[in-house]
Amino acid sequence: MQLDDTSLAALLAAAEQAGRPLSELVLAEQAEELEQTPQQVYDRMAACYAVMAEGVAPGCDPALRSASGLSGGNAAKMKAAVQAGATLTGPVLGGALTRALAISELNAAMGRIVAAPTAGSCGILPAALLTMEAEKGCPRRACVMALFTAAAVGRVIAKNASLAGAQGGCQAECGSAAAMAAAAIVELAGGTPAMIGHAVAIALKNVLGLVCDPVAGLVEVPCVKRNAAGVAGAFVAAELALAGIASVIPPDEAILAMKRVGDAMHPSLKETAEGGLAATPTACRLRDELLGGGPLP
Amino acid sequence: MNVFDIIGPVMIGPSSSHTAGAARIGGVARALLGAQPVRADIGLHGSFARTGRGHGTDKAIVAGLLGFAPDDTRLRDALDIARRQGMAVNIHAVELDGAHPNTARLRLQAADGRELEVQGCSVGGGSIRITAIDGMEVNLTAEHPTLIVVHQDVPGTLAAVAETVAGRRLNIGSFRLTRQSRGGAAVMALEMDGDVNPEVARAVAALPHVMQVTLLQPV
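Keeping their order, the protein sequence lines are chains D and C. For the first sequence, the working numbering gives the first residue as 1, with consecutive numbering after it. For the second sequence, the working numbering gives the first residue as 1001, with consecutive numbering after it.
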């Protein structure tokens, strides 16, 4: 079976026509492409999901710190607030924020993660799926399958725009991860293929233009908190789409708009650490402290 | 592009280019040396030099030299482990003209005295290119089994290698040949589809004018 993955519209039409979840179509196609059985491909994805799940607990360690000391310990604070019942928005969003921070901080502290689609945005998709499993009772198998839907969305974005901050800014990394997560959430919640498309479009539209401006060039500030914002954006997009709200701009056009915005973005705002937050007085001071002391002779 | 290019790789953070890719460069260098180095001089260029320490690029390259995969949690402690295993590591910044911003140049020595210089760059998402081996230009991805043949630039050598490979029903996915001078030392790199039996390397090594053959398995 060949899936037309040049556009999201084609993928979603195929799922609509087959009357099956997009994830099932993608799994069948990938088994053929990788010359493996569907079970083997599923198992490989389940192993990725397991790595994601295993990252939450060490990521919530209050003593966790990155080599630079710029990040770590915030997932623990968020977790404590959720456990105390002290959050404004409750355990679903609170849990998602906790998990996104945990995995992202673990990444910064040289922990084991799954790039999804990148290391800098690695907290968003697992936070969405693990929260659907823990807070909404979705079976683990369904959560693993939803990764195939997320991957299919990511593949369309990679083909028609980019997943790299150096090419498209943060919109291409955390934005794409949020769009992938939104699609996965909608499928898990029983939404239609059309709803998946609207969720992807809404998630991307809401972060269009987001720049990649890492302080001192490190994947920490503002990346970790943008992972929290990313999973929140995924839930916003999924919630709207599941309520039947349509995106006026279709997802494929939103992806192309993201590509054009990324192309138009000044190089200082694409992972070079020369603009945006990376150029603020505080960021420059941190950079000089961290790197000026001679990282390498 | 398959789904695991999007969901993956499984890796030690924080950066697919500066950490996971760096570990793979170290892993390829170890494989090319054919042994764990006892001495490693690691020159980091560009962004690798500027942000390498914060991204653990130094640890990642040494982890690769120790034979650790990019998702091995021992990567964090690679510098200490190398010290305990008697690997003398020197890491410093280098300026390499015209090189990709994420480039490392590794000068290695094996216990038996053999030396090897490998240059490679990390091009994003954990993908790498090995760009030079002992000063000779190559372009390896280390994603497929690769036959690296150092030979003398003598007419017919390429045909003999190709015939040997074809005789074993192996398909060449990409090919590149560079030479230092006409009639001098040259290197060809053949990236193959599917599994490659080490026997083919021995067969190629037995051909006239072939000086050295390395079969690099995917790293």
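Some hints could be false.
To be clear about the criterion: a stretch of chain C counts as covered by chain D if any three or more of its residues have a C-beta under 8 Å from a C-beta of chain D, and this derived list gives those stretches [what the hints assert, rightly or not]:
id, stretch
1, 1077 to 1085
2, 1164 to 1171
Partial list, derived from the structure: chain D residues whose beta carbon lies under 10 Å from chain C [as the list claims (entries may be wrong)]:
id, residue
3, Met-1
4, Gln-17
5, Leu-88
6, Thr-89
7, Pro-91
8, Ser-104
9, Cys-122
10, Cys-223
11, Leu-277
12, Ala-279
Sample of chain D residues with no beta-carbon within 10 Å of chain C, all distances over it, derived [said to hold, decoys possible]:
id, residue
13, Gln-39
14, Arg-44
15, Asp-61
16, Ala-63
17, Val-92
18, Arg-140
19, His-266
20, Ser-268
No lab work stands behind these hints, which were simulated from the structure alone. Computed from a predicted model, the values in this text were never measured in an experiment. All C-beta atoms in this analysis are idealised placements derived from N, C-alpha and C, irrespective of residue type, glycine included.
Q: Say whether it holds or is violated: Arg-44(D) keeps its Cβ farther than 10 Å from all Cβ of chain C.
A: It is violated; Arg-44(D) is separated from chain C by about 7 Å at its closest Cβ, not greater than 10 Å.
Q) Does Ser-268(D) sit more than 10 Å from chain C, CB to CB? A) At roughly 15 Å from the nearest Cβ of chain C, Ser-268(D) sits farther out than 10 Å, so the non-interface label holds.
**Q.** Distal placement of Ala-63(D) relative to chain C, Cβ over 10 Å
**A.** holds, 15 Å
Q: Please settle this one: Arg-140(D) was flagged as non-interface, so is its CB more than 10 Å from every CB on chain C?
A: Consistent with the label, Arg-140(D) stays out of reach of chain C, its closest Cβ about 16 Å off (over 10 Å).
Q | Evaluation of the interface hint that places Ala-279(D) against chain C, nearest CB under 10 Å | A | Violated. Min distance 16 Å.
Q: Classify the label on Gln-39(D) as holds or violated, using whether its beta-carbon is more than 10 Å from each beta-carbon of chain C.
A: holds, 15 Å
Q: Mind checking the CB of Pro-91(D) against every CB in chain C and telling me if the closest is under 10 Å?
A: Hint violated; Pro-91(D) Cβ to chain C Cβ min 26 Å, cut 10 Å.
Q: Have a go at the Leu-277(D) hint: is there a Cβ in chain C nearer than 10 Å to its own Cβ?
A: Status violated, d = 16 Å.
Q. Regarding the assertion that Asp-61(D) does not contact chain C, is the least Cβ-Cβ distance greater than 10 Å?
A. holds, 14 Å
(Q) Is the interface hint satisfied for Gln-17(D)? The criterion is a beta-carbon contact with chain C at less than 10 Å. (A) violated, 21 Å
Q: Verify the interface restraint on Ser-104(D): the C-beta must sit less than 10 Å from at least one C-beta of chain C.
A: This hint holds: Ser-104(D) lies near chain C, its Cβ roughly 9 Å from the closest one there, short of 10 Å.
Q) Taking C-beta pairs only, is Val-92(D) more than 10 Å away from all of chain C? A) holds, 23 Å
When held up to the earlier numbered hints, the structure conflicts with 1, 2, 3, 4, 5, 6, 7, 11, 12, 14 and fits the remainder.
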